[in-house]
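Residue numbers (numbering that gives the first Met the number 0), protein chains in the order written: chain Y, 0 to 285; chain C, 0 to 344; chain H, 0 to 256.
Accuracy of the hints is not assured; some may be wrong.
[Said to hold, decoys possible] Each pair of labels, with its calculated beta carbon distance range: (1) Y/Leu35 x C/Ser99: 31 to 41 Å; (2) Y/Pro205 x H/Val11: 22 to 32 Å; (3) H/Val11 x C/Phe304: 29 to 39 Å; (4) Y/Ala183 x C/Arg156: 19 to 29 Å; (5) C/Asn189 x Y/Ile196: 42 to 52 Å; (6) Y/Pro205 x C/Ala151: 22 to 32 Å; (7) H/Val11 x Y/Ala139: 51 to 61 Å; (8) H/Val11 x C/Asp38: 45 to 55 Å; (9) H/Arg53 x C/Glu339: 53 to 63 Å; (10) Y/Leu36 x H/Gly245: 21 to 31 Å; (11) H/Leu15 x C/Glu339: 38 to 48 Å; (12) Y/Ala139 x H/Gly245: 57 to 67 Å; (13) H/Arg174 x Y/Gly192: 26 to 36 Å.
It should be emphasised that the hints constitute simulated quantities derived from the structure, not laboratory data. We put the CB at the ideal spot given by N, CA and C, even for glycine.
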Amino acid sequence: MKADPVRRERLVEVFLTAPGFVWLLLFFLLPTFNVLLISFRPSTLTGGIGEGWTLDTLQQLRNPDYPGILFRTLWVSLAITVSCLLLSVPVAYFLARCSQRWKTRLLLLIMIPFLTNFIIRVFAWKVILHPEGWLASVLAFAGLIPPGTQLLYNVRAVILVSVYTYLPFALLPVYAVAEKFDFALMEAAMDLGCNRIQAFFRVFVPGISRGLWTATLLVLIPNLGAYVVPDIVGGHSSSMLGNVIVRRLFSDRNLPHAAGLSSVLTVLVLLPMIVVILHRRRREAH
Amino acid sequence: MKFRLLNLAAALMLILGFTACGSRKPVLRIYNWAEYLSDEVIEAFEKEFNCRVIVDVFDSNEAMYAKLKAGGGGYDIVVPSSYQVVRMAREGMLLELDHSQLPNLVHLDPIAVKFTQDPEHRYSVPYLITSAVIGYRADRMDTGPDSWAVFADASLRGRMTLLNDQRETLGAALKFLGFSLNTVNPEEINAARDLLIEWKANLAKFESEQFKNGLMSAEFLVVHGYSSDLLQAMEEDENISIALPKEGLSIALDDLVILADAPNPQLAHAFINFMHRPEVAAENMEWVMAMSPNLPAYALLDDAFKADERIFFSEEIFAKSETIFDLGENDQLYINAWNEVKTAP
Amino acid sequence: MKRSRFPLVVTVLVMLFFYLPVLVLVVNSFNRSRSSGPWTGFTLDWYVRLFGRRDIWEAFGNTLIIAVSASAASMLLGTLAAFALHRYRTRLQDAHYTMVYTPLVVPEILLGISLLLLFVALGVERNLTVLFIGHTTFCISYVTMVVLARLQDFDFAMVEAAQDLGAGPWTIARRVIIPLLAPGIFAGGLLAFTLSIDDYVISFFLSGPGTTTLPIKINAMIRRDAPALINALSSIMLCVTFLLVGLSQKLNKENRT
Numbered sequence: 000m001k002a003d004p005v006r007r008e009r010l011v012e013v014f015l016t017a018p019g020f021v022w023l024l025l026f027f028l029l030p031t032f033n034v035l036l037i038s039f040r041p042s043t044l045t046g047g048i049g050e051g052w053t054l055d056t057l058q059q060l061r062n063p064d065y066p067g068i069l070f071r072t073l074w075v076s077l078a079i080t081v082s083c084l085l086l087s088v089p090v091a092y093f094l095a096r097c098s099q100r101w102k103t104r105l106l107l108l109i110m111i112p113f114l115t116n117f118i119i120r121v122f123a124w125k126v127i128l129h130p131e132g133w134l135a136s137v138l139a140f141a142g143l144i145p146p147g148t149q150l151l152y153n154v155r156a157v158i159l160v161s162v163y164t165y166l167p168f169a170l171l172p173v174y175a176v177a178e179k180f181d182f183a184l185m186e187a188a189m190d191l192g193c194n195r196i197q198a199f200f201r202v203f204v205p206g207i208s209r210g211l212w213t214a215t216l217l218v219l220i221p222n223l224g225a226y227v228v229p230d231i232v233g234g235h236s237s238s239m240l241g242n243v244i245v246r247r248l249f250s251d252r253n254l255p256h257a258a259g260l261s262s263v264l265t266v267l268v269l270l271p272m273i274v275v276i277l278h279r280r281r282r283e284a285h
Numbered sequence: 000m001k002f003r004l005l006n007l008a009a010a011l012m013l014i015l016g017f018t019a020c021g022s023r024k025p026v027l028r029i030y031n032w033a034e035y036l037s038d039e040v041i042e043a044f045e046k047e048f049n050c051r052v053i054v055d056v057f058d059s060n061e062a063m064y065a066k067l068k069a070g071g072g073g074y075d076i077v078v079p080s081s082y083q084v085v086r087m088a089r090e091g092m093l094l095e096l097d098h099s100q101l102p103n104l105v106h107l108d109p110i111a112v113k114f115t116q117d118p119e120h121r122y123s124v125p126y127l128i129t130s131a132v133i134g135y136r137a138d139r140m141d142t143g144p145d146s147w148a149v150f151a152d153a154s155l156r157g158r159m160t161l162l163n164d165q166r167e168t169l170g171a172a173l174k175f176l177g178f179s180l181n182t183v184n185p186e187e188i189n190a191a192r193d194l195l196i197e198w199k200a201n202l203a204k205f206e207s208e209q210f211k212n213g214l215m216s217a218e219f220l221v222v223h224g225y226s227s228d229l230l231q232a233m234e235e236d237e238n239i240s241i242a243l244p245k246e247g248l249s250i251a252l253d254d255l256v257i258l259a260d261a262p263n264p265q266l267a268h269a270f271i272n273f274m275h276r277p278e279v280a281a282e283n284m285e286w287v288m289a290m291s292p293n294l295p296a297y298a299l300l301d302d303a304f305k306a307d308e309r310i311f312f313s314e315e316i317f318a319k320s321e322t323i324f325d326l327g328e329n330d331q332l333y334i335n336a337w338n339e340v341k342t343a344p
Numbered sequence: 000m001k002r003s004r005f006p007l008v009v010t011v012l013v014m015l016f017f018y019l020p021v022l023v024l025v026v027n028s029f030n031r032s033r034s035s036g037p038w039t040g041f042t043l044d045w046y047v048r049l050f051g052r053r054d055i056w057e058a059f060g061n062t063l064i065i066a067v068s069a070s071a072a073s074m075l076l077g078t079l080a081a082f083a084l085h086r087y088r089t090r091l092q093d094a095h096y097t098m099v100y101t102p103l104v105v106p107e108i109l110l111g112i113s114l115l116l117l118f119v120a121l122g123v124e125r126n127l128t129v130l131f132i133g134h135t136t137f138c139i140s141y142v143t144m145v146v147l148a149r150l151q152d153f154d155f156a157m158v159e160a161a162q163d164l165g166a167g168p169w170t171i172a173r174r175v176i177i178p179l180l181a182p183g184i185f186a187g188g189l190l191a192f193t194l195s196i197d198d199y200v201i202s203f204f205l206s207g208p209g210t211t212t213l214p215i216k217i218n219a220m221i222r223r224d225a226p227a228l229i230n231a232l233s234s235i236m237l238c239v240t241f242l243l244v245g246l247s248q249k250l251n252k253e254n255r256t
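Take these sequences, add in the hints, and give me the full structure.
This is the structure in structure tokens:
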């Protein structure tokens, strides 16, 4: 009476896979392809999507200003990512060597500010960086800037506030790996003649490389599409790709153009990612 | 323990959920500029018509239009500027108004017709008249600005903003250059574009939402903003002043319109009619600090309010000012110029 | 081995960095200046006014409804997906894995735009269901990731032992797998809940009239209206968070002893 076990196993697999898979197919993959398709539709002057097919959007994407914006998006995102990694490695190291009690306490302390709303946290920085606020006064008093200098609305402010926002996303995966790291290895390296700094870089950092990669992804990718932080604390010359997409969508009403730019971003992010993801899956299998 | 907490949270949310959908009164949904409708007026309307009013806000005609086009329907009343009404009507987004439900239209001041491209009120009823002016911190400047030229002042670098609005901001530059802000001459538009790119170096940013708060916190010292917002700011903070640039300004009429797919057109008509009851119009005017073109309402206003030429513009200001009109296909000229301004390094 | 002080110093600095804006907003919630500029005097007015704002509480209600439903749905879908991914090594699972992981590496703005354009094309009205769909879509991947990580440490010998003792699949799921995996599923759900409650980007694209969520409301108010009111709101939220965290710590300790 029992069904063929291979077929039965296959059925169980499908039963487990189908719900999430179909959901993501409908609400993730399908819409993404829809965006790709829309980039080949003509735009109408009324902000709609026209009939037929065209390569107009592709032509418009050769806008001479775009390479600059793309370059800025890349370097700002990289700067944010590198800063986050540089800060999270020592903190993760410290946390991993704390007693269990302190670990829990410190982790909670790290998480709590991030349970307040994202927009509110970004706006709090506007108060700190106010041109007549205390930070500016201190800097001016120290002679570092002329009084009344605008600290906001430039790329530096965007990087600072983004690091603030994304640091936990780097810290937590790095810590998760560091916590499992066997610190006896470092001591062994030092017994073999490494000094503390060498041991740190040759043993600890490679030991947590997986966490570093996860952190890189979790910080870099969202920042490539960032538009809220540059919009609030960035100025007129720090727009990123995300800002341009939103502008095409909500002020020029050129949907195909917005879709075209979105597709560029998708392709930029996804092609390398799919390779990485599949590679990781294969490695896990072994 | 964790599950206990979760249960507690779930119970809490259910209660909240029920209270949120408890009332079953008819709902009027309004899509408006921020702080552009008196809270007391809303309450009075809700009480009289036994309904609930929900107000969402936008910060530019373009953003509002894009959100509606992107399927953000569901609103009854929208408050576009008159030039945007033309476009929306052309695209069949607006309901043709039933004048039999709007007896208060008789109160309209004929002056409003000057600012609209829909003088018959087929789709729109004039709501408020405002202008885009310069607001500044009188306590940080020796002399207040009297011209759009203030945006060329490098000593205020990083402490000034212009509106993030293609027609208003290109319009300010066009006025400064002595051109019409409805010009379709590409050379004039390009000259305005180049001027804005020069001014841009002195700006903190293009800003349509935070110019008021930024000015009040002294983050910005000079801003380009809507007169109603800046007058509201002046009421709260004596250090703020307003300048009407000598080259002239853009005066805008914002209209009440009903969307073609409005869920509740009857209530929407009632609302438009309600807003033109003289006592309601007067109260709303004093709250928003803008002029409602409603003749009998003028008599109900404070004398000082009526004498304020930043609200009731003088003949002289009217003479040198203009209203932004819809330019049809030529809008593309402005879209392109504005994009170049925004992406210029 | 003598330990370096450097990690300690960086940790302290990072903590200061984390709490500086929080401190600023709590202080400013008592500042009379409504634009959150320089200090102009002490007031409790913002707290009083906050409770009179029906729209904030409505937005809060919407946010909770969406966060609870989306995290529940993604806990279910994500756990099933994690099981499939853990247990099978087929072509289907390679595709499944890619499908689950890609939303994590796609900037949120793209998810928002693509869903918006999809709903526009389908002519769907934007209601709470639309927001629920959007939030569940990005939560599934996070839950799957967390549960999958727990499964790596999961001892399947337990399942075999239960089978040997004659337990049926449902009993095994209910009595063995779920209790053992509960912390993982719960952690995933909590992550989903946190992400959903704080989501601005996707909600920005998908919210419509009457489905304003708290982050959308906060954004509108903080920009145009009164930042001070929002400071008061977030100070209260911080207090509640601190209390809940403290409480759970205490309960945890009591459970253990």
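Numbers of the earlier hints that this structure fails to satisfy, in rising order: Of the numbered hints, 1, 3, 4, 5, 6, 7, 9, 10, 12, 13 do not hold.
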